[in-house]
Amino acid sequence: MDDRQRQIRAGAGLEESRINQEFIDFLTKWSTPVLWLLVIIGGAWWGLRYWKQHKIAKVDAAFASYSEAISGGNPSPPSLKSIAAEYSGVKSVSALALLDTVDIYLRAATIGIEPGAELDPATQAPANPSDLLDEDRVRSYLAQARDLARQVADSVEGQAGKSLIGARAWMRVAAAQEGLGATDEAKASYARAAEVARAGGYEAIAIVAEERAAAAGSVAGVVLPAADLLEPLPGEEPAETPVTKDPAIDAPADASSEEPGDPSTDAPVSDPQSDAPAQP
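Each residue of the sequence shown is one higher than the one before, counting from 108 in the working numbering.
Hints may contain errors.
Dumping the calculated DSS-like pairs for lysine-lysine here, alpha-carbon to alpha-carbon at most 30 Å [as the list claims (entries may be wrong)]:
{"no.": "1", "residue 1": "K269", "residue 2": "K188"}
{"no.": "2", "residue 1": "K188", "residue 2": "K294"}
{"no.": "3", "residue 1": "K198", "residue 2": "K162"}
Distance windows between CB atoms, simulated [to be verified]:
{"no.": "4", "residue 1": "K136", "residue 2": "A192", "range": "51 to 59 Å"}
{"no.": "5", "residue 1": "Y157", "residue 2": "K188", "range": "27 to 35 Å"}
{"no.": "6", "residue 1": "W158", "residue 2": "G265", "range": "21 to 29 Å"}
{"no.": "7", "residue 1": "I218", "residue 2": "S178", "range": "20 to 28 Å"}
{"no.": "8", "residue 1": "P236", "residue 2": "E175", "range": "31 to 39 Å"}
{"no.": "9", "residue 1": "G268", "residue 2": "K188", "range": "19 to 27 Å"}
Derived from the structure by calculation, the hints contain no laboratory data. As the structure is a computational prediction, the values presented were derived from the model and not from experiment. Backbone N, C-alpha and C define an ideal beta-carbon position, used for all residues, glycine too.
Could you put together the complete structure from these sequences and hints?
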């Protein structure tokens, strides 16, 4: 009995030793690849986490820069263009910055004043006369607005969730074309704006675009009345003293005369009894 127990214990010991040896052989064979696999998995997880954090930080920085640029109410086109270039592809920051630039150019062309010009608080006229835009500079700003707006429209073409930006861009393209006198092109751009807006579910914008397309070319611009047609306001002095028509001053010498140049009208008015020569 004792011999059998000893044999059992010896066999169990040999089996345990064999298992331990197999485990050691397994670790010897696979420990290095397993360690490398764990390192790769850990590195990939850390890299993905870092990339996500970096992406979030870049988005935050982009919107912070954009908000800072427009917070003053009078953003500079160069600063907006710089933000658009720096954060190209970061959400919609680039498109929004360029659309704001387009609006600045369109407003400058509309009011005829250089963007960022210092205005007189009382008259709202530019303090520097050179900031008044002539026709060539107005057309230049309209052309820049058209090209930038088209750039935005092309950049969001076919992108999910960018229909509103695309419709806004096409509306601005059309407005600039209308200002440049390209009526047919403006109508086509308004139609494209309506198409993009309707595809994104913005029916109200589509209707406005279609109405603008129908009215394109019907208004050639603002025509101001001539100065002599304006009635002076109460308390205003007329620019020039009007010439009055006094019958006593302007009437001809002989009120009964009908034709100018009649000898009877050119003769001095006098009493025929006193001035006539004595009759023989």
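Okay, the hints, checked on the actual structure:
1. K269 / K188: Satisfied, since the Cα-Cα distance of roughly 20 Å is no more than 30 Å.
2. K188 / K294: holds, 28 Å
3. K198 / K162: Measuring from Cα to Cα gives roughly 11 Å; hence the hint holds.
4. K136 / A192: 51 to 59 Å: holds, 55 Å
5. Y157 / K188: 27 to 35 Å: 31 Å Cβ-Cβ, so the 27 to 35 Å window holds.
6. W158 / G265: 21 to 29 Å: holds, 26 Å
7. I218 / S178: 20 to 28 Å: 22 Å Cβ-Cβ, so the 20 to 28 Å window holds.
8. P236 / E175: 31 to 39 Å: holds, 32 Å
9. G268 / K188: 19 to 27 Å: The hint (19 to 27 Å, Cβ to Cβ) holds, given that G268 and K188 are roughly 24 Å apart.
Of the numbered hints stated above, none is contradicted by the structure.
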